[in-house]
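Q: Chains as they are written, first to last, in our numbering: chain A, 1181 to 1508; chain B, 6 to 519; chain C, 197 to 524; chain D, 57 to 375.
Among the clues, some could well be false.
[Said to hold, decoys possible] Listed below are the simulated DMTMM-like cross-link pairs for lysine to aspartate or glutamate, each with C-alpha atoms no more than 20 angstroms apart in a straight line:
1) Lys368(C) with Glu137(D)
2) Lys371(D) with Asp491(C)
3) Lys117(D) with Asp232(C)
4) Lys1340(A) with Asp343(D)
5) Lys140(D) with Glu283(C)
Read the hints as simulated data drawn from the structure, not as lab findings.
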Amino acid sequence: MTDIATMPQPVSFGRRLKRFMADRPLIPLIILLIILVVILQILRPGIVNERWLANTAKFAIPLAILAGCQTMTMLTGGIDLSVGTVATMSAFIMATQIVNQDPTVAFLLAMLPAVLIGFVNGIGVGVFRVHPLIMTLGTSLIGTGFLQVYQRTVIASGAKIPDFLNWLGTGLTYGFPNALLLFVPVAVLIVFMLNRTGFGRLLYAVGDNERAARLSGVRYWQVITALYVLSSLLAGITGLLYIGLIKAPSLSLAEPLVLPSVAAAVIGGTSIFGGRGGYMGTIIGALILTVLTTLLTILQMPEGGRRILFGFIVLFVTAAYLRIVEDR
Amino acid sequence: MTTNPLLDATGVAKNYGAVAALRNASLSVLPGEVHALMGANGAGKSTLVKILTGAINADAGRILIRGKQLDVRSPADARRAGLLPVYQEPSLIPDLDVLSNLRLTGTPIEPFRAWVRELGIPNLDIRDTARDIPLAILRVLDLARALAVEPDVLLLDEMTAALPANLAEKVLEVVRRQGDAGRSVIFISHRFVEISALCDRATVLRDGSTVGVVDIEPGIEERIVEMMLGTRIEKTRVAARSANDVGTVGGRNPRLSVRNLQLGTKLNDVSFDLANGEVVGVFALEGQGQDELFAALAGSIRPTGGTIEVDGAPAKFSHPSDAVQAGIAYVPGDRTEALAMQRSVRENIALPFSAGLRKWGPIRMRREQVVVSGVIGRLQIDTRVLGEVQRLSGGNQQKVTIARWIAANARTILCFDPTRGIDVGTKQEIYKLLRELAGQGKSVLFYTSEMEEVQRVCDRVIVIFGGRVVDTFPVEDADEPTLMRAAYGLPRGARADVGILADVRPASDAEAAS
Amino acid sequence: MSRFFRNQGWVAGLLALLIFLFVITKLIQPGYGSGDFGSLARAVLPYAFAVAAQTVVVIAGGIDLTVAAMMALTSVTAASMMNGASEEYALFVVPFVLAMGLVLGALNGVLIVVTRVPDIVVTLATLFVLQGAALLVLGAPGGAAAEWLKASVIGTVPVPGLPDWADAWVPKALVLLVVCLFIIWIPLRRSRLGLSIYAIGSNELAAFRSGVPVARTRIIAYALSGLFAAMGGLSLTISTGIGAPIPGPYLLASVAAVVLGGVALGGGKGGLLGPIIAVFVLRLVRTDLTLLAIDPNVTAIIEGLIMVAVVMFGAFITIRGRPVGATP
Amino acid sequence: AGKYTIGISNTVQGNGWREEMICAMKAQALASGEVAKLNIAHRNTDAAGQLEDIRNLISAKVNAIVVNPADPAGIKAGLEEATKAGIVVVAVDQAVTEPSAYIISNNQEQYAYLGAKWLFQQMGGKGEVFYMRGAAGASADSDRDKGFKKALAEFPDVKVAQEVFTGWQQDQAKQQILSFLATGTPINGIWTSGIDNVIVDALVEQQAPMVPVVGADNAGFVGQLNTVKGLVGAAVTNPGSIGGAGVTLALQILDGKKPAQQTVLVNPELWENATDAGKAKLKSAADPSLSPEWPVSISIPEWTTYTKDQIVACKGPGE
Ligand SMILES: Nc1ncnc2c1ncn2[C@@H]1O[C@H](COP(=O)(O)OP(=O)(O)OP(=O)(O)O)[C@@H](O)[C@H]1O
Ligand SMILES: Nc1ncnc2c1ncn2[C@@H]1O[C@H](COP(=O)(O)OP(=O)(O)OP(=O)(O)O)[C@@H](O)[C@H]1O
Ligand SMILES: [Mg+2]
Ligand SMILES: [Mg+2]
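With the sequences and hints as input, model every part of the structure.
A: So, in structure tokens, the structure goes:
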């Protein structure tokens, strides 16, 4: 009878490696990223140079910040689909108000709708318990509508991209994109907030078990409202950065970033059901997506084929990552 | 043994990563016997049940059913093989009504209804959605659903843990009859009273391995405990009257003073005091308003009438955070209600520290670490599986729910059935802990579904029936017949002539009272 | 009675709202008649199938982001197959395309089950794959539809025993919708399979422990979603006479209508009738906005407001009506 | 006050060209004095959604419908019903297959052909071109592709170095051109389908060698052609004001003045900065006060009568 007993067997190297990676989920993600870069380099030798790195960073940064919004909201079991609209609104308002307003005033005007939309999202989700998907979708529709009404009033005055945003969005200093000046503090702040502050703890707790948090004295609506306002503010700032990068204020400027921002957070290991995840993974997720976009751009194949490939790669990356991290 | 075992499992092992939930478990069940499966919290009982019924797959081991090796890879397979479990957690689909739940599992309806009546629930509406049904009733429905298909082997994982005494007794009765009818039952419980009243043999697990199989006979408890824990433990009576005197120094306001509390039809005119340094027990049958009383004191629901005073000052709680502010903490009976399962033990314990708006800022990690490891040590929480709380066994999870409030230094703890499904060793620890807290001048309100606990820890007992306080005893007067009588709404001294009270004391009580 | 209101109250409320909107419409445009109702039914058709596709999956506790892309792919496939082919050939095309939807939907399910990646991510990935496939089938809008198919949504159905004026209010499109959806849905809902779909959405672990084959049920739910989406795709081809490879606005609309229709995102609750009525409400609102000649930018605001307000209202009455003793 | 109600249906929202088209329709309706009310259905949708809008406009009993079709064939049924209901139907920007409808349209195939041909000539009839298309699967994109391919066929030594779809989105286009530049692949020219100013920006930012760029007459790009040093390029007109022309045509028909043919094609012009004559033309066309996404050709001489102030005010009758 005892002969079948499982003695703790000597752990094989493969298992040890797996456990090592499972405890440090960032490592497999970084490896995936490196693999993609290597493939890119093989396909187009010489492409991976200083300039390419800077460009990749430039595009990954706005995506990573928006994905940060998704990470934070997803930790509570939510999602923020209004980030695209908010970013677009801030960018458009900034570009049109700067024409005949003081930069500070223009900035404040640009952030106003962000705060408002975030607040309404927060109240809807936190107090009225509307599903975040629906709530943020609704506010983004409303926001878009207001933006279009607003747009008609500023056709005559035109738009201008402030030099500062231009510098921030596209400039380089010693080969490093200036956008890092914005991103590094933001990223540090988010990571610190999630791991080392009471508010961050509450995001995880609320997303994992709202009733438990409530019994511990947490007021759900406060956390949620603060969260969505914060998310919107970050989205608004991203909008300003993005307009500095793209330099063409359109009414759908940041819309294409919304789905990728969700994907980046998920690829980075944040659970859409709440309670699990972190921002470092998300940053790598955003980089992976950006590199992947480049990779597909330079592939000579019909657009249909490119999209199919993109879909499969995203699926493969997330599945492989989950496999590595999940098994404990 | 002459008969062949109906179910025979040997060498079962299961690893969760680095944690071995089962190392070498074996279990052999004869036809017609009620077989106890015993072990301390985390010994692997639930894991074994899940493996036997196909809910999880073992890493190693051999399972024979009627001498044949069957491939049980899913609960559906187990069902076909005649193995039916009632798991530790209710498994009715919350959003379906009872009828649909029956249709889903292909359970015949009439036998089910009959069993439900037999188990002491006369007026079940099978169109009720499972989500709206109280936990205790759900457990009974789970059992009735299993019984209705007349399984060969019925596996009951802590079936009685969440049941009030009256329902638990019905369950025991029914289970006993299963054995008489030639069907086998595997019965998991931490209550020796039940084991000795019901079971023929017991298999004891320790740390994932079977350490012995014994016949149940008078006096065997000590041996089982020894096997379970590996050492002798002393069953002490912790209730220390002397501690009581310290807390209620004259003249000061009671810590909590409840007057004429009213809550819809659930609570009527409830009044009582809770002094500093006092442990007050609440005893009641299922659904007499105790849930609502605790919820109201914890700020989860707003009472419709009456007053609550804290330290002599009137208090109004519109949210649990108000109660927490007033130093009143609530430990729910259902662990899943109290814990963020995917978060670490540390985060769970430290959760109240960040709750208030003022405390959203940076955390002083070092200080937190000291406080948290302090309580972990004090409660001897098993953190072999550092990391997610969901990987702790039930008993250790329960400890975390209490540890949180000790760390937060709450002055009053409302414990709702804190020993539900906890092994004897851990129970003793919790009793001691509660007394210790009282000794430090803290006050505890303690609801329990086990009569014996009342006597072990409380200074006073209040009994609730139909949403009213029917009686309050000092603990010396609270012997079991008196408590039971009061719990059925009969005042002290009245004669028990109502039918149901005739068998209030099951035969086994005599042994248990020792 | 109270149980009826608890379970069906939302649907009854929606129905009342729909009737109220019809009254409003008649007040705005006294000439609103059976022909206009027929137009409404035709406009509803693709949305209704999209929302049915979403509903099945949401009840099963998932979400399907491929609904619109699946419609596009099936639509272009049908249109390109019927292009230049005989009328009879369409008799083959219709079942082929439906089967294709079923299989592709099942494939979504299989991928979710096998990779164990959350469904929102898997369907986000397959969304790209399906879009790519649609582009490979038709690089630009085109193709054709058989005349008899086009005729199948135009006009009315003569119901025996009904006077002509009443017949006029029974548009073919509506009959087609009712037949296609409810022929599948009603028997399904009452069957064990249907219960299993609700069960895995309500509590997957409990369902598994009740002996529900969780993986198989999930695959079937996605297969059904694919089937309904294929019906939606066919309805697009039938009404426009072409296939377009770019997905229409059906994804977000389907999610919105599912929620408006009283199906909980998260699973286990609700039915198909509510979402279908919600689609009618949303389409009729659009009609009314056009009849009133509201500024088009304001219509976006109004549609967003309606969505948010109705869901908030629903949340509000559930908070109010929560039985005493339950914590939220 | 006018006497007619005109319905408008458009299926792309939030894009500068389309916004200008809508404003041109409003301004022309106001300027004509014949229109009492505009009834505008303007949202992001597909052909089926446009059918719904058209039918709603029929229910609203408008006198004429001016439509920018989501697809030439896909809305045939709706347009037919409109004509049957006695409504004048005018399609702008693209053709439609419904024979009863009048069409006043920019010639998309010619648009692409004109620009591509000029570009290939600039490249000296040989070399590599970066081909940046619009949205994959859109009918305007496939029409332009035909024109581009036609020009390409005339220059056998010109090769497409890379073909990408910008989806008519600024950010995607910019990321694509930057990625492409980073590969270091030598190119001799860029043809882009209306997403142009971000391309020039990218070239300047990266200090990449300037190659000829052909885009549309968007204000931003026209400005760049005048000011960016070393940039040789051409803007091909694709006036959003075609919307105003559609309103004019609808009103003429309502007033009983039917045009000679069903289809009126507005042919594109090409403004380049390689010659002095071209430079002068670009100078006069430039309009920095407009949003960079708006085409500068805010009017079409024989078809629109509003002033710049009117189109910029973007107000229709009764507003
Ligand atoms: N999903 C899991 N992941 C990791 N560890 C687990 C998991 N489930 C159980 N364990 C571990 O396996 C061991 C046995 O757990 P099990 O639930 O079987 O104990 P038990 O005997 O039923 O205890 P209790 O009496 O507290 O219910 C415990 O140490 C527990 O922490
Ligand atoms: N971040 C923390 N880390 C470790 N221990 C903590 C932390 N915050 C609070 N505690 C401990 O929890 C207990 C209660 O502290 P808490 O701050 O909740 O009390 P309080 O009554 O709200 O006090 P105050 O009014 O000063 O905020 C104290 O024993 C304290 O040491
Ligand atoms: Mg257990
Ligand atoms: Mg237990």
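Q: Need the status of pair Lys371(D), Asp491(C): alpha-carbon distance at most 20 angstroms?
A: holds (11 angstroms)
Q: For Lys368(C) and Glu137(D), compute the direct alpha-carbon distance and say whether it is at most 20 angstroms.
A: Roughly 17 angstroms between the alpha carbons, so the hint for Lys368(C) and Glu137(D) holds.
Q: Is Lys1340(A) close enough to Asp343(D), meaning Cα to Cα at most 20 angstroms?
A: holds (13 angstroms)
Q: Mind checking the alpha carbons of Lys140(D) and Glu283(C) for me, to see if they're no more than 20 angstroms apart?
A: The hint is violated at about 26 angstroms.
Q: Would you check the hint for Lys117(D) and Asp232(C), treating anything up to 20 angstroms between C-alpha atoms as holding?
A: Answer holds: Lys117(D) to Asp232(C) is near 11 angstroms, not above 20 angstroms.
The structure does not agree with numbered hint 5 stated previously, though it agrees with all others.
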